[in-house]
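Please model the entire structure based on the sequences and the hints provided.
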Amino acid sequence: MPTMTVEMITFDSTDPRALATWWARYTDGTVHDDSAGEFVMVTSDGLRLGFQRVPDPTPGKNRLHLDLTVVDRRTVAEMLVADGAKLVANHEESGFCWTVLADPDGNVFCITQHNGA
Numbered sequence: 000m001p002t003m004t005v006e007m008i009t010f011d012s013t014d015p016r017a018l019a020t021w022w023a024r025y026t027d028g029t030v031h032d033d034s035a036g037e038f039v040m041v042t043s044d045g046l047r048l049g050f051q052r053v054p055d056p057t058p059g060k061n062r063l064h065l066d067l068t069v070v071d072r073r074t075v076a077e078m079l080v081a082d083g084a085k086l087v088a089n090h091e092e093s094g095f096c097w098t099v100l101a102d103p104d105g106n107v108f109c110i111t112q113h114n115g116a
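Be aware that the sequence shown starts at 0, since it is given in numbering that gives the first Met the number 0, and climbs by one per residue.
Mixed in with the good hints there might be a few duds.
Claimed, not checked - Label-pair restraints from in silico Cβ distances:
hint, residue 1, residue 2, range
1, 60, 91, 18 to 26 angstroms
2, 91, 70, 15 to 23 angstroms
3, 77, 14, 22 to 30 angstroms
4, 6, 71, 16 to 24 angstroms
5, 6, 52, 13 to 21 angstroms
6, 58, 20, 21 to 29 angstroms
7, 31, 103, 14 to 22 angstroms
8, 42, 63, 17 to 25 angstroms
Hints are computed from structural coordinates only; laboratory data are not their basis.
Backbone N, C-alpha and C fix where the C-beta goes; we use that ideal spot for every residue, glycine too.
Next comes the structure, spelled out in structure tokens:
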């Protein structure tokens, strides 16, 4: 059976360059824009995020999302919201805590920290 390797996680966006720049700030990434803003990539320590131009925002709930680990979940959530993210929800279940956010284009992602705070 062939093995699959994740090459990149790609987001649809009406403004790929702006969204890639936003994500690059928080992944310590580098923006690569070789196609006049139609497809922009962010690379960071083995992570590759792609942002491709689409004519309309993706409707409804995305079926795939990123789970990201941070050092201080509450502080990072506040910083992200101040920079254009939207707080969706805070959750705690069986001692595990996470925050659900949406990036400036509405793509949902979660942040947590190793100790569950």
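Results of checking the hints against the structure:
Checking the proposed 18 to 26 angstroms range against residue 60 and residue 91 shows it holds: the Cβ atoms sit about 21 angstroms from each other. A C-beta distance of roughly 19 angstroms is found between residue 91 and residue 70, which places it inside the suggested range of 15 to 23 angstroms. The supplied range of 22 to 30 angstroms is met by residue 77 and residue 14, whose beta-carbon atoms lie about 24 angstroms from each other. At about 31 angstroms, the beta-carbon gap between residue 6 and residue 71 misses the expected band of 16 to 24 angstroms.
Hint check: residue 6 to residue 52, Cβ distance near 19 angstroms, so the stated range 13 to 21 angstroms holds. Look at residue 58 against residue 20: about 24 angstroms separates their beta carbons, and that is inside 21 to 29 angstroms. Against the hinted window of 14 to 22 angstroms, the Cβ-Cβ separation of residue 31 and residue 103 comes to about 20 angstroms, which satisfies the hint. Between residue 42 and residue 63 the CB atoms are about 20 angstroms apart, so this pair conforms to the stated range of 17 to 25 angstroms.
Hint 4 from the earlier list is the only one contradicted by this structure; the remaining hints agree with it.
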